[in-house]
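S.K.: Each chain, written out:
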Amino acid sequence: MQFAFTEEQQMIRDTAEQFLAEVSTSEAIRSAMETELGYQPELWQRICGELYWQAIHIPEAYGGMGLGQVELAAMLEQMGRYLLCSPFFSTVCLGANALMVAGTEAQKEKYLPRICEGLTATLAYTGISAARGGGRWGADAVEAIAERDGDEFILNGTLRFVPDGASAELLIVAARAAGTSGEAGISLFVVPAESPGIERKLLPTMDQTRKQAEIVLSDLRLPADTLMGAEGDAWPQLQKILQLATVAQAAEQMGGAQQSLDLAVEYSKERAQFGRPIAGFQAIKHKAADMMTRTEVARSAVYYAACVAEEAVEGGELAGELGEAASIAKAYCSDAYFQNAGDALQIHGGVGFTWEYDVHLHLKRAKASEHFLGSGDYHRERVAQLLLD
Amino acid sequence: MKLSFSPEDEAFRREVADWLKENLRGEFEQLKFRGGPGDEHMFAEERQRWEQKLAEGGWTCVGWPKEHGGRGCSIEQQVIFHEEYARAGAPGRVGHIGEGLAGPTIIAFGSEAQQKKYLPGILAGTELWCQGYSEPGAGSDLANVKTRARFDEAKGKWILNGQKVWTSLAQESDYCFVIARTDPESKGHKGLGFFLVSMHQPGIEVRGIQQITGTSEFNEVFFDDAECDAEDIVGQPGDGWKVAMGLLGFERGVSTLGQQMQFQNELNEIVRIAKENGAAQNPAIRQRIAQAHTELKIMRYNSMRMLSGQSGSDGSLQKEALIYKLFWATWHRSLGELAMDVLGPESQILEAAPYELSRLQSMYLFVRSDTIYGGTNEIQRNIIAERGLGMPREPRPA
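First to last, the sequence lines map onto chains A and B.
Quick note: the first sequence, position 8, residue 8 per full-length UniProt numbering, numbers continuous.
Quick note: the second sequence, position 8, residue 8 per full-length UniProt numbering, numbers continuous.
Certain hints may be false.
Stated by the list, open to error - Among chain B residues calculated to face chain A with C-beta under 8 Å, some are:
# : residue
1 : W59
2 : R286
3 : I323
4 : R381
None of these hints come from the bench; they were simulated from the model.
The C-beta atom is built at its ideal place from N, Cα and C for all residues, glycine as well.
Sequences and hints are given; from them, build the entire structure.
M.R.: The structure is reproduced here in structure tokens:
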């Protein structure tokens, strides 16, 4: 047992940290988030061309670097910390994972090398009633309908809450056979986003650092070779894709929780009241100590889940734990990030309430990420089902 | 990163489990799940016999180096031992203060004569230890120790006067390690000595403290011209603080996973009751049980990180070790509340008069001490903020 970074993993983490501290500055985030695209194409090209991050865990056979989920988590932690505006999460953690988990060999050969070259992708699976009951993120969220028509499929429906859905070049779409419900009847398809029958609308979002879209499918006609995995029986694959994405989201959240703490501590050391830095008051110290405790606990949860995710991908004795480990990480990190961001705002006092300081960016990302792929309450209920039902 | 244990370690796990299964029965059957926090006063004699049984099998002091009579287990093996021990429901160790605190201190800082004199009794489970640190005026401010030690030239012995408090197992112990002021003019952490003192002498009186559980695990210990041989001071007069702080380093680490296994036993009991009485259908209770489970799992991952990492070369704790006490103590306190809320009004009815508590009732009350002893949550937060985040230190009046 060695639950610590290897030298190589540490190096990947450090490289990501240095690069992002330099390029994802407050000014860079703000200029990216104000655009419809949501990121600076030059920066994304630099990431894809010079650093090759988008290829990190794609197998070498498809042109990737062939690293694992732990390396991916280490990178995501830094992206969450520096609020990198980029299609990395949607492309790598949704798109590439979906292809790797559910794609046919032909689909992998066709698309994974292109993702390595910078093609963007995302996953669209939640329908308009995904918000019912405070959020549905399981099989019951799949609402689009796929009907067979000879060798083809015809897809209809509205998909909502799709990360980078308006800009992604490749879509992985989940739909179900008419008349089915729950885990039954679900199929996955891979389709270029600019296809007739696909209409995409950018949704204005409170968190401007990650864009969301609504996608309307109107008699979208797809050939049989766009089908991923087993027709009508793709839930186990979709579930695994979502579990991997949930771990990835938690990794970003943990990075955000760390940054909220760092911003707050740094500010408290500079800000003087009553003739001394407010960092010296126990009311501030104790809040910061709680923030650090949450951050470190979140870190332990994320890296454990990343190790389990690695075993789930590569085959290992802990593979069966993925669902639980993902829910544990997401439940804890969702709450930890939001609490830390809120505490960071409080420690900043009045300036924390301004647009100028970056704290509000974290407060907004924290809530947005909490409500993507299930909030703390949602994942605790999943854990409760494992324990109590 | 790698989560799994090696095949050798898994073989070791089976060896431990088999031995426990083989030996934790007969007269020891009644000790299962007993003697933990809140229950430490129970079956003291039987548990000391169990301690000796462990010693016969070579299962005391498994982490001590071989040259000092230990088993020389690796960190992983120590973790496994503590996990299996708790999984088997083996009783709270009466020898844990000797094995975990006194022994390692004597190994690290003691003279060869002290090692020869004291280590064998700890290894054999025949001599029990208690810790003489806290005083009525030295709680969070531990350096404010008032107990005095004066060297009597005529007797050739140290003479101790003063009072210690919150001393667990004092009534069962053969020895106590005591920090006392050797320089009467000194203040704070200077001028202290670290003494190994026999409890079997007229100058020492032990009085139990009745706690909120109605029971008395903790004691007051009064030193009234108590004697300590000249060679039983660890280090030099004035070194006491250094030795005591070195010892704190032994208090964390490998035993944490065993502690978590006890927590798991408690949570399992709560889950069992919740399913039985229908509390498991209550959405609010479901959330709290899931939260407790989630955080206990992460506590384990955190310990694995703690054990895999390297402490700073100056003995400083890594971040995940720094937060550990605050996290588990707060978690455990919440677990106590959850236990009562799952039981509902039945939680308020005792097993028997006058004040016989069930295991969970006792746990619920006892956990109120977790966030106080060994550094209160407030002191922990100061330490985290100062050492972990570089925030200004609390003012310390000269």
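S.K.: Next, verify each hint and record whether it holds.
M.R.: Quick rundown of the hints versus the structure:
no., hint, result
1, W59, "21 Å, violated"
2, R286, "4 Å, holds"
3, I323, "4 Å, holds"
4, R381, "4 Å, holds"
In summary, the structure is inconsistent with hint 1 from the numbered list given earlier, while agreeing with all the others.
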